[in-house]
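Protein chains: 2
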Amino acid sequence: MVLYVYCLDIFNVYTCLSLVFIVFRLYILSFLYSFFLYQMLKRASTSLFAKHSFVSSSLSQSNRVHRIITSRSLIINNTTIKRKMSTTTDTSAPAAVPAETQQPQHPKHGSSKKKSKLQVSLKTPKGTKDWSDSDMVIREAIFTTLSSLFKRHGGVTIDTPVFELREILAGKYGEDSKLIYNLEDQGGELTSLRYDLTVPFARFVAMNNIQNIKRFHIAKVYRRDQPAMTKGRMREFYQCDFDIAGTYEHMIPDSEILSIVVEGLTALGINDFKIKLNHRKILDGIFQICGVKDEDVRRISSSVDKLDKTPWEVVKKEMTEEKGQSEETANKIGEYVKLNGSLKEIHSILSLDENITNNPLAKDGLDEIATLMEFTKSFGIDRYISFDLSLARGLDYYTGLIYEAVTAASAPPTNAQELKKKVKSEDEDASAYVGVGSIAGGGRYDNLVNMFAEASGKKSTKIPCVGVSFGVERLFSLIKQRTEAAAAIKPTATQVFVMAFGGGKDWTGYLPERMTITKELWNNGIETEYVYKTKANPRKQFDAAEKAGCQLAVILGKEEYVEGKLRVKRLGPEFADDDGEVIDIKDLVPTVQQKLSEIHKDGVNEVARLLRGL
Amino acid sequence: MVLYVYCLDIFNVYTCLSLVFIVFRLYILSFLYSFFLYQMLKRASTSLFAKHSFVSSSLSQSNRVHRIITSRSLIINNTTIKRKMSTTTDTSAPAAVPAETQQPQHPKHGSSKKKSKLQVSLKTPKGTKDWSDSDMVIREAIFTTLSSLFKRHGGVTIDTPVFELREILAGKYGEDSKLIYNLEDQGGELTSLRYDLTVPFARFVAMNNIQNIKRFHIAKVYRRDQPAMTKGRMREFYQCDFDIAGTYEHMIPDSEILSIVVEGLTALGINDFKIKLNHRKILDGIFQICGVKDEDVRRISSSVDKLDKTPWEVVKKEMTEEKGQSEETANKIGEYVKLNGSLKEIHSILSLDENITNNPLAKDGLDEIATLMEFTKSFGIDRYISFDLSLARGLDYYTGLIYEAVTAASAPPTNAQELKKKVKSEDEDASAYVGVGSIAGGGRYDNLVNMFAEASGKKSTKIPCVGVSFGVERLFSLIKQRTEAAAAIKPTATQVFVMAFGGGKDWTGYLPERMTITKELWNNGIETEYVYKTKANPRKQFDAAEKAGCQLAVILGKEEYVEGKLRVKRLGPEFADDDGEVIDIKDLVPTVQQKLSEIHKDGVNEVARLLRGL
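Sequence order for the protein chains is B and U. Each number in my numbering comes from the position in the first sequence (counting from 1) with 12 added on. Each number in my numbering comes from the position in the second sequence (counting from 1) with 12 added on.
Hint data in this document are derived by calculation from the structure and do not stem from the laboratory. Hints may contain errors.
The list makes no distinction among identical chains, and a pair is therefore deemed to hold if it is satisfied within one copy or across any two copies.
[Unchecked claim] Using 30 Å as the maximum straight-line C-alpha spacing, the simulated DSS-like pairs for lysine-lysine come out as follows:
id, residue 1, residue 2
1, Lys-375, Lys-547
2, Lys-138, Lys-232
3, Lys-545, Lys-474
4, Lys-356, Lys-545
5, Lys-547, Lys-517
6, Lys-598, Lys-613
7, Lys-163, Lys-232
8, Lys-389, Lys-531
9, Lys-547, Lys-321
10, Lys-502, Lys-232
11, Lys-517, Lys-389
12, Lys-163, Lys-502
13, Lys-163, Lys-492
14, Lys-163, Lys-531
15, Lys-344, Lys-581
16, Lys-138, Lys-190
17, Lys-232, Lys-286
Chain B with its partners taken away, still in its complex shape:
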């Protein structure tokens, strides 16, 4: 009995202990679960809260949030003061605030009447900017130049949405995929902003079963990269792409793309550029020759790609220490990638290298280069091309020729590392220590369309493609440096200013009459303005005409007008003493047209002059 009791007791104690242990374990587990759950919920609620914060602010905004946001705008305003304000490219920062508006963060009005109102930062998101009116004139001129170039080559244009299904973009950009902007999951499909125009183009070609197309596309793309605003490296930026899709003989479309690069940059007044060119087949052949395993090729290629900004020693170290290549392999690669010169020179050197000619991949590439040499000669663009074995380009999808156009401004400053150290945080703009980078770039990608066709369950159809992308912001930053010309850009197109002169007690100001005259000019396609005022004195009207950059005034004189007459007068200091010509109202339109065509007779306007670098 005692034994039994004892046993029972032991048993119970054992049970109890084991149960206690289980309970304890479960407590730990629940605690971990709860903690994890708490973290998840915190994330979720942060975004939810942010979504509704402004709306709820007038109701019951907590002081804490108010304080945080207030101090945030304080910091921003400090930055405003510290930063050198200019009207140049970086307008993403708040504009210069006149002294009298440099008020404390609770202006009288705000703090007394609307204490609960949330403070808002008046700025654009990081890496984006507003384009001002005169900058837009230059940008539009770049677009017009490039799109007429593309049309000259038989291009058609298409447009695709700014965001794509996320699965379309996945797996196309290698390590850079982390830079893709995702849209919030608000129910429905998962989408992301496009990262380039090439992948949407390939999706378009595959989706519509297109066999061949020459298309151009000028549109914004998005990358969450470190911005360098004054160097034209931004998170929202334009690409101008021209691509030729279809099965053609080797190098015919490729050489046309190279010609387009030359024609485009020349048309934009850029003459000191060169096109660095390489061939993925040759590069990959070289990696094989040097003993890089197939699975390592793209990673080693990425290392080589850094050679434009990084010394060989650093790149070599990355290959051997981080990417597991032998010293010997790295040295061999080093010998090849230092080669650069004209197509002819490098082609000769490689043709004499038995390692190259015995490697089927490299041999293929080399033969294509031989064909290319003939075509670039026909197009007369040899002298712009530099065969550079260190050019690798980051994107995964290239399969043949690759190229980049660079100018002197493309490279970072020589003391970049030093300058970089001076910049305090990662959040700062990188303009001080980076270059403009390549101003155009592209290559051949023969498998991308088929990748989409196959992945969507369509019949496998290989649509080879080759294309180029011009970087508009980078080109803009170069063109904008031609400052004297840029300063003369007039943002309006206004040609004619309609005025009324008169006085005395019965003077009405002729407002409705000015409206009617202006309207007649508008109806005939003539850019016309007038002062939005019942009565305006002549000085104010001349000032407004000058501000609008008008060269012609149409004047309703108090007495002349009642007799059915108008006065047409040239504007500008050289015509100060010229009273103009009195005409019949019915002759208004032909007279104005005649005078404007005389004014624009030898018409290279200032934008064209700026673009051509005159």
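Model the placement of chain U on the given structure of chain B, informed by the hints.
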């Protein structure tokens, strides 16, 4: 002892039971936690998974996911087959697939070789579409028409980023704020896609302390609304905005905006439109007169706004039952909002109404209408305007004149309710039962800029604004209906086709020579193409020229070319028997220029014809 044992036993049993109960409770709790956690993780991982799915798919894609996505594309393909395929506006659906590619979802290649590869839906996100080449020609023509109109009125253009800080958009769109697209919080700022161009414009004006500007902006905006693709109601769509900011005398800028609406629509060949116009001050005065409390005014205004698609009885019910207005108030409102007619008619009626003339708000508005009447007469645009007291417009920020341009196609079909019932789910496109809606709209918003200035802690500065927004997709859908003309649109600009004719054993095909000739034409700005083939027979070259829509051929004849001669020939059936003209190579460019200028002499091209509705 026994008692003790018994007690111990009881105690133990009790302990055990309670412990078991605790354990059980904890199990339940952990189960609930786990389930909740699983749901959270599932959501999170769906997006994570989607992000990496393509990359990981080749490694270890689970069959289940594979099946889900496969069946999803199956459904999509069903839709493809069921839908009437056309080359009209809705290209968001996968394009018509030729019979031979209508394969099962596991094509041989895909299923055998790459079984684990994730299936991708080749489509654009809901409510968005690709723009094909010939549609782009029409869209570009619309843009050119409107931007030259805006320039004619002294407008300058600016550009703002596609996304704004979320706080900038918050609180500007009333109930429609739920339609804003948010970007994911990927670290950094919270941002959203712009919902219109007006709020970013006001932010720009406030940020840069601009006192006056006439700006236009043609850009995409984003709304997560129910799409009706063939009616031009989309989630991604263009707006063409013109706004005048600055302090001017009453109604001068407002009447110019109305003139712009008339000029813009007329220039696009739309003549059967009318501009519905109202004044927020009059409307709000009427609500006061009818007994609506100040805090209810915007909500009642929203109800009135529905009168263009909803009968009065339904709107009245909403006012009385949902929005707490008395029967009497609703009836009074009903009397006023049914008024519409010319400015003059309605102005006379309201001027005789003592309730109106005694209400300071309504009186103010009525006086402005009197001024407006004078100006619209000067501009000669009276006949397009209909004073419609039922027009309210949804957006919160309007403070004065409001207007909308509508055509016959704007209204929904008369049996809309019936048609709507036939559509199975909310996910379907709404094209069947909605109208095109208003094709342009806008109004005066005098407080928006100041709202930003104050909220950012700047000095309060009132910058009154008035503007209009043209809906490009809706205009496009109307223009596209002029089908015969639309069918003639040629997407390329190519003018000249360079060909080579020859034969025999020693015939090279003159590829490099064709390249050189083509390049000379490109260098002189002439749109030129040639066949990308070493040797191409004449038939193929003529076919390619016809496909590109060329009207002129430059021919390198085998014998002629070696003698320094080229043949220039008109293309088209009427020139079939014409052998063209033999010229010296050095005369190529002037000859081609001369012939092209003859061809385009009386040059109204087909796009212009389409736009003008000829």
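Okay, the hints, checked on the actual structure:
1. Lys-375 to Lys-547: The answer is between: 25 Å across copies meets 30 Å, while 81 Å in one copy does not.
2. Lys-138 to Lys-232: Both: 16 Å inside a copy, 20 Å across copies.
3. Lys-545 to Lys-474: Intra 65 Å, inter 19 Å, cutoff 30 Å: inter-copy only.
4. Lys-356 to Lys-545: Result: close only across copies, 24 Å inter versus 70 Å intra.
5. Lys-547 to Lys-517: Within one copy, since 12 Å is at most 30 Å while 85 Å is not.
6. Lys-598 to Lys-613: both (25 Å within a copy, 28 Å between copies)
7. Lys-163 to Lys-232: both (20 Å within a copy, 24 Å between copies)
8. Lys-389 to Lys-531: Intra 56 Å, inter 11 Å, cutoff 30 Å: inter-copy only.
9. Lys-547 to Lys-321: Neither. Shortest intra-copy (63 Å) and inter-copy (44 Å) distances fail the 30 Å Cα cut-off.
10. Lys-502 to Lys-232: both (25 Å within a copy, 26 Å between copies)
11. Lys-517 to Lys-389: Between copies, since 25 Å is at most 30 Å while 78 Å is not.
12. Lys-163 to Lys-502: Answer is both: 27 Å inside a copy and 12 Å across each meet the 30 Å cutoff.
13. Lys-163 to Lys-492: Both. Shortest intra-copy (25 Å) and inter-copy (23 Å) distances satisfy the 30 Å Cα cut-off.
14. Lys-163 to Lys-531: between (35 Å within a copy, 14 Å between copies)
15. Lys-344 to Lys-581: So Lys-344 and Lys-581 fail the 30 Å test inside a copy (76 Å) and across (57 Å) alike.
16. Lys-138 to Lys-190: both (17 Å within a copy, 24 Å between copies)
17. Lys-232 to Lys-286: Only inside one copy: Lys-232 and Lys-286 sit 25 Å apart there, 35 Å across copies, limit 30 Å.
In terms of the numbered hints stated before, the structure departs from hints 9 and 15, listed from lowest to highest.
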